[in-house]
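> One letter stands for each residue in the lines below.
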Amino acid sequence: MPRSACPSSPPTDAGPPYPFRQFIVKVHGRCNLACRYCYLYEGPDTGWRDRPAAASDAVLALTADRIAEHAAAHRLPAVSLVLHGGEPLLAGTDRLAAFAALVRRRVPAPTRVRVTLQTNATLLTAARVRDLARARIAVGVSLDGGRARHNTARVDHAGRPSWPAALRGTRLLAEHAPEAYAGILLVVDPEQDPAEVYTSLLRLRPPAVDLLLPHGNWSAPPPGLRPPPGPPARARAGAPAPYGDWLAAVFDLWWEAGRRQTRVRLFEEAVAALLGLPTGTESLGLDPFTAVVVETDGSLEQVDSLKSAYPGAAATGLTLAEHPFDDALTHPGIAARQSGPAALAADCRACPLLHACGGGHYAHRHRAGAGFGHPSVYCADQQRFLHHVAAALARATGTGPARDPTTAGEGGTR
Amino acid sequence: MSDSVHQAPPARPPAPEAAAVLPDLLDLDLESLRTLDHPVLTALLDDLRGRGSAPREMLWNFNSSF
Numbered sequence: 057m058p059r060s061a062c063p064s065s066p067p068t069d070a071g072p073p074y075p076f077r078q079f080i081v082k083v084h085g086r087c088n089l090a091c092r093y094c095y096l097y098e099g100p101d102t103g104w105r106d107r108p109a110a111a112s113d114a115v116l117a118l119t120a121d122r123i124a125e126h127a128a129a130h131r132l133p134a135v136s137l138v139l140h141g142g143e144p145l146l147a148g149t150d151r152l153a154a155f156a157a158l159v160r161r162r163v164p165a166p167t168r169v170r171v172t173l174q175t176n177a178t179l180l181t182a183a184r185v186r187d188l189a190r191a192r193i194a195v196g197v198s199l200d201g202g203r204a205r206h207n208t209a210r211v212d213h214a215g216r217p218s219w220p221a222a223l224r225g226t227r228l229l230a231e232h233a234p235e236a237y238a239g240i241l242l243v244v245d246p247e248q249d250p251a252e253v254y255t256s257l258l259r260l261r262p263p264a265v266d267l268l269l270p271h272g273n274w275s276a277p278p279p280g281l282r283p284p285p286g287p288p289a290r291a292r293a294g295a296p297a298p299y300g301d302w303l304a305a306v307f308d309l310w311w312e313a314g315r316r317q318t319r320v321r322l323f324e325e326a327v328a329a330l331l332g333l334p335t336g337t338e339s340l341g342l343d344p345f346t347a348v349v350v351e352t353d354g355s356l357e358q359v360d361s362l363k364s365a366y367p368g369a370a371a372t373g374l375t376l377a378e379h380p381f382d383d384a385l386t387h388p389g390i391a392a393r394q395s396g397p398a399a400l401a402a403d404c405r406a407c408p409l410l411h412a413c414g415g416g417h418y419a420h421r422h423r424a425g426a427g428f429g430h431p432s433v434y435c436a437d438q439q440r441f442l443h444h445v446a447a448a449l450a451r452a453t454g455t456g457p458a459r460d461p462t463t464a465g466e467g468g469t470r
Numbered sequence: 016m017s018d019s020v021h022q023a024p025p026a027r028p029p030a031p032e033a034a035a036v037l038p039d040l041l042d043l044d045l046e047s048l049r050t051l052d053h054p055v056l057t058a059l060l061d062d063l064r065g066r067g068s069a070p071r072e073m074l075w076n077f078n079s080s081f
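Protein chains in written order, with the working numbering: chain V, 57 to 470; chain D, 16 to 81.
If we strip away everything but chain D, and leave its shape as in the complex, we get:
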C-alpha cells in the first residue's frame, strides 16, 4: 500500500442532507428471530444470544490477533 497521494475514489451520489435514521434494533427480541430465513444472520444470532446475559469472560477486544 503506497504512501503516495491517492486518486480520489469515484464520487458517490450525495446522501440526503437530512440525518440518516437508524432503525431501532435495540428492542429486537433475539429469541423471536430463531425462524428467520437468513442463514448468515441465523448462524450469527445463535452465537450472539448468550452475550447479553453471560459475563464477558470470553470476549476479548484486541484487534491485532484472534
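Next comes chain V alone, as it looks inside the complex:
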C-alpha cells in the first residue's frame, strides 16, 4: 500500500476533531517523591496545590460514565485508561482495581479498555504487584537508568534517594508479574554515559523502554541547551545536539544488538515515522493527539507537560460535572494538536523532516508571550537523531546513502 509523504491522516479520515481515545486520570494528585527536575511539582504551574489530593468516588464514577458516553458516541473499538498522578499508588491498589473494573463495566460491549499505571515503583510490594496484575493493570515505571548514580535527582521530600525502593519495586514487578510489567520511562540526561544507562536498564528486564527529553522551551531551555539569540528558528546544520548525539549512541546499541533486547518506543516510532506510517508518540510524527486528562476534582485538562511552559497552560475551563468529553475537542489547544502541519511554524512545514519530526513534542515549541507555533527548542537534536536513524534504516534496507550525513568526520560505511 503506497504511503504518502504526509501520512498523518487516518484511512477513514473525516478530518478533526478526532475523538479522545486515551484518558489520563489523576487518581492521586500528590507524589511521595520530589524529583528535582519534575515539570509538575517543581515547575511554574502550582495549580495542583488547590486541588484535592485524591479523586473522590464521585469523580471516579463520573469519569467512568463520561468515558463510556464518549466511547459509545464515537463507537470506539478501544480506549486507553491511564492511572496517573502524582503517584497513583497513593490511591491504594483496591481503589485502582475497582476503578479499572468500573470503566470496563461501563463502556459499551465492543470497546476494549487497556489500563495502564505509571509509577515511581517505590511503593510496589509483592502484594500490590499481584493486585495490579490480577486487575489487568499494566505497570510502567519511571526511572532514569539502572544505577543509583543515574537517579540522584529522584529524591523524596526529605532529599533522600528513592533508588533503593525504586529498584526493589521494579525487581518485584519483573519477578512476580512480568506479564503486567509495561516498561520503563527514562528522562534523558546527556551528562550520563549513554551505553551505561542503556545497558543498566536492560538488567531490569523491561519489555519496553522510552527515552523522554526533559521538558523545556525557548524561554526556559532544557539543561545543556543554549538556544541562539533571536526568534525561534530551525536549527542550522552543525548546531550542537547533545541530546541527539546521546539518543544516536543508544540507538546504535539497540539497532546493532543482533536481536531486539527490548522495545524502545522512541526508536520504533522514529522508524515508523520515517517509513511514512502512523506513530504512537508525542515526540515525533504528525498524527493527531487524542489524549485528555481528568484532574482529581473532575476538571478536564490537556496533558501536564504543557505546564512546563506557564501556569495554566493545560487548563480548558471544563469539568466533567458540566461537560462531556466532546466539549473539550474544540478547545484551541486541543484542536491545534490535531491539526497536523497547520499548527506548525513555517520553518517546520518547509523542513524535509516534517513528516517524521512533526515539530517534536508540543511543549518544547513554546516561547514566552509567543505561543507554541515555533520549531522545537530541540530542533538540532531532532534533526541529528532522525538523520541518524534514517541512515541506519537506509543501510539496512539498501536504500539511499550509506553514511549518516550528520556525522562528518566519522565517515565510511558500516
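Derived by calculation from the structure, the hints in this document are not laboratory data.
Cβ coordinates follow ideal geometry from the N, Cα and C atoms, glycine included.
It cannot be assumed that every hint is accurate.
As the list claims (entries may be wrong) - For each label pair, taking beta carbons as the anchor points, the in silico distance ranges come out as:
{"#": "1", "chain 1": "D", "residue 1": "Met-73", "chain 2": "V", "residue 2": "Ala-128", "range": "43 to 51 Å"}
{"#": "2", "chain 1": "D", "residue 1": "Asp-61", "chain 2": "V", "residue 2": "Thr-455", "range": "16 to 24 Å"}
{"#": "3", "chain 1": "V", "residue 1": "Ala-377", "chain 2": "D", "residue 2": "Ser-68", "range": "20 to 28 Å"}
{"#": "4", "chain 1": "D", "residue 1": "Leu-51", "chain 2": "V", "residue 2": "Thr-386", "range": "40 to 48 Å"}
{"#": "5", "chain 1": "D", "residue 1": "Glu-46", "chain 2": "V", "residue 2": "Glu-312", "range": "20 to 28 Å"}
{"#": "6", "chain 1": "D", "residue 1": "Asp-44", "chain 2": "V", "residue 2": "Pro-367", "range": "44 to 52 Å"}
Following the hints, complete the assembly by docking chain D onto the known chain V.
Below, chain D alone, put in the same frame as chain V:
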C-alpha cells in the same frame, strides 16, 4: 539532574553545510523486506506492517505512560 549551567559537550566535527539528504524511505515495500538479515528491523517490521492499513485504534501517543 542539576539545573546549574552545564559544561558544553565536546565539540563534534561540523556537518557539511549542504543540507543533509534524507534517504527516500517512504516508497519502501515493507513486504519485500521480510527477508532482511537484520533481526531488530525484521522484528520491528513484523509489528509495523499492520499500521498502514489498520485503523489507529490501538495507537496511543501520550508519552508519560505506556
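> Looking back at the hints listed earlier, which ones does the structure fail to meet?
Result: hints 1 and 3 break, sorted rising.
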